[in-house]
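Peer 1: Sequence:
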Amino acid sequence: MTRRERVIQAIRHENTDFVPYNIEFTKQAWESMASYTCDENFEESIGNHIAAINYSGYPVEIKPDYFRDDFGVVWNRSGVDKDFGVVEKAVIPEPDLSLYTFPDAPESRIRHDCERLIAEKGDRFTVAGIGFSMFERAWTLTSMEDLLVYMIAEPAFVHELMNAITEYDLKVLKIILEYDVDCVYFGDDWGQQKGLIMGPHLWRAFIKPYMARLYGYAKEHGKYIAQHSCGDIHEIFPDVIEIGLDIYQTFQPEIYDIRDIKQTYGDKLAFWGGISTQRLLPFETPEKVAEVTREIMSVMGENGGYIAAPTHAIPCDVLPENIAALIETFQKQ
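Per the numbering used here, residue 76 is the first one in the sequence shown, and the count goes up by one each step.
Just so you know, these hints were derived from the structure itself, not from any lab. Do not take every clue at face value.
[Stated by the list, open to error] Each pair of labels, with its calculated beta carbon distance range: (1) Glu182 / Asp140: 22 to 30 Å; (2) Ile137 / Asn116: 30 to 38 Å; (3) Leu245 / Gly147: 15 to 23 Å; (4) Ile316 / Glu190: 15 to 23 Å; (5) Ser120 / Thr176: 40 to 48 Å; (6) Cys113 / Phe312: 39 to 47 Å; (7) Asp114 / Arg279: 17 to 25 Å; (8) Ile193 / Gln406: 21 to 29 Å.
[Unchecked claim] Derived pair list, reagent style DSS-like, types lysine-lysine, alpha-carbon separation capped at 27 Å: (9) Lys269 / Lys196; (10) Lys343 / Lys294; (11) Lys157 / Lys102; (12) Lys283 / Lys343; (13) Lys294 / Lys249; (14) Lys157 / Lys138; (15) Lys102 / Lys363; (16) Lys246 / Lys283; (17) Lys283 / Lys294; (18) Lys249 / Lys283; (19) Lys343 / Lys269; (20) Lys269 / Lys363; (21) Lys407 / Lys196; (22) Lys138 / Lys164; (23) Lys164 / Lys249; (24) Lys363 / Lys407; (25) Lys246 / Lys196; (26) Lys138 / Lys102; (27) Lys249 / Lys196; (28) Lys283 / Lys269.
Quick caveat: nothing in here was measured; it's all calculated off a predicted structure. Using N, Cα and C, we set each Cβ at its ideal position, and we do this for glycine too.
With these hints in hand, go ahead and build the complete structure from the sequences.
Peer 2: Okay, here's the thing in structure tokens:
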């Protein structure tokens, strides 16, 4: 069985010979692990099951630690977060879309990434993603606080903005879907530690109809759909299932009761994640990492429906010994 076949079997809720797995790294964690292993190519030996690209705006450094993306948003990476950073200021300062012009989709760069993905995939399951796909794209343009206010005070503007983002994403999808990828991935954080940032009512009003269009377009081309959202989004699991979601990523065990969620949704959603980057990996011993990882794979992997992975790209506060324990546990199932 190839790694691609194993992932597809899991998505179809069929038992696999072992649980497929995948590990991603933040820049600092990658550097720590490369130093620990004395091998800059250490990822090649992990056995990851997924080959992925993710378009989120191709930031360009405009001065030390400051990056401007395709949408004109400037990200400050001078703090702890060296992968994304924080937004300097809103590029749409008022609820008026005439103040902003969306960029053209960078077709040549997207094609280059897709071609590289296909060339390097080997026997892995392929995922092409759009990061900051809806809510996140909107708040990076307007600011989080203002967008949430606009949902109440300026709903027509929010719909206009979400529609414009959707049209942009569809242009990106049109390019991606010319390539032989298995799955389309949408990155868009909706949750906080308890519940949705905007609540289920506003999510259904301002996000669901636009995500349904994006999911539908990819489904028309025969692709699996994966949705990333950190936090607690259990209130809208029935909604995302309704509009066609196949895989939910990321799945945080400090938020969800994994046994309850597996019992309730295990035949309807495949789950990708589950190994905590919030509590387990940064704070426990390698032995505990291995023990808990085995338990989670046992529960979530029953009858398929699970891709084992850290709940986020491994952050900088995880010791390389714990990363090594995680990799060994995945490999020695």
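Peer 1: Hint by hint, note whether the structure agrees.
Peer 2: Verification of the supplied hints:
Remark: the range hint 22 to 30 Å for Glu182 to Asp140 is upheld by a beta-carbon distance near 29 Å. Distance hint for Ile137 and Asn116: a CB-CB separation of about 31 Å, consistent with the stated range 30 to 38 Å. A hinted range of 15 to 23 Å for the beta carbons of Leu245 and Gly147 is consistent with their spacing of about 20 Å. A beta carbon spacing of about 33 Å between Ile316 and Glu190 contradicts the range 15 to 23 Å that was offered as a hint.
Separated by about 46 Å at the C-beta atoms, Ser120 and Thr176 satisfy the suggested range of 40 to 48 Å. In this structure, Cys113 and Phe312 meet the distance hint of 39 to 47 Å, their C-beta atoms being roughly 44 Å apart. Separation of Asp114 from Arg279 is about 48 Å and departs from the stated range, judged on CB atoms against 17 to 25 Å. Between Ile193 and Gln406 the beta carbon distance is about 26 Å. The supplied range of 21 to 29 Å therefore holds.
With a C-alpha separation of about 37 Å, the suggested pair Lys269 and Lys196 falls outside the 27 Å cut-off, and the hint is violated. With a C-alpha separation of about 16 Å, the suggested pairing of Lys343 with Lys294 holds against the 27 Å cut-off. Only pairs whose Cα atoms come within 27 Å are accepted, and Lys157 paired with Lys102 is accepted, the gap being roughly 7 Å. The hinted pair formed by Lys283 and Lys343 meets the criterion: a straight-line CA distance of about 18 Å does not exceed 27 Å.
The suggested pairing of Lys294 with Lys249 holds, with an alpha-carbon distance near 12 Å, which does not exceed 27 Å. For the hint linking Lys157 to Lys138, the alpha-carbon distance of about 14 Å falls within 27 Å, and the restraint holds. For the proposed pair Lys102 and Lys363, the alpha carbon gap of about 25 Å is at most 27 Å, so the pair holds. Pair hint Lys246 plus Lys283 holds up; C-alpha atoms about 19 Å apart against a cutoff of 27 Å.
At most 27 Å may separate the alpha-carbon atoms for a hinted pair to count; Lys283 and Lys294 meet this at roughly 16 Å. In summary, the hint linking Lys249 to Lys283 is supported, as the alpha carbons are separated by about 20 Å, within the 27 Å threshold. With a CA separation close to 23 Å, the supplied pair Lys343 and Lys269 stays within the 27 Å bound. The suggested pairing of Lys269 with Lys363 holds, with an alpha-carbon distance near 26 Å, which does not exceed 27 Å.
Between Lys407 and Lys196, the direct Cα distance comes to roughly 23 Å. Compliance with the 27 Å bound is thereby established for this hinted pair. Taking the CA atoms of Lys138 and Lys164, the gap is about 16 Å. The hint holds against a cut of 27 Å. Taking the CA atoms of Lys164 and Lys249, the gap is about 30 Å. The hint is violated against a cut of 27 Å. Of the pairs offered as hints, the one joining Lys363 and Lys407 holds, with about 16 Å between alpha carbons and a cut-off of 27 Å not exceeded.
Among the hinted pairs, Lys246 with Lys196 is consistent with the structure: their alpha-carbon atoms are about 24 Å apart, no more than 27 Å. Distance check on the hinted pair: Lys138 and Lys102 sit about 19 Å apart at the alpha-carbon level, within 27 Å; holds. A distance of roughly 21 Å separates the Cα atoms of Lys249 and Lys196; the hinted pair therefore holds under the 27 Å criterion. The straight-line distance between the Cα atoms of Lys283 and Lys269 is roughly 20 Å, inside the 27 Å bound, and the hint therefore holds.
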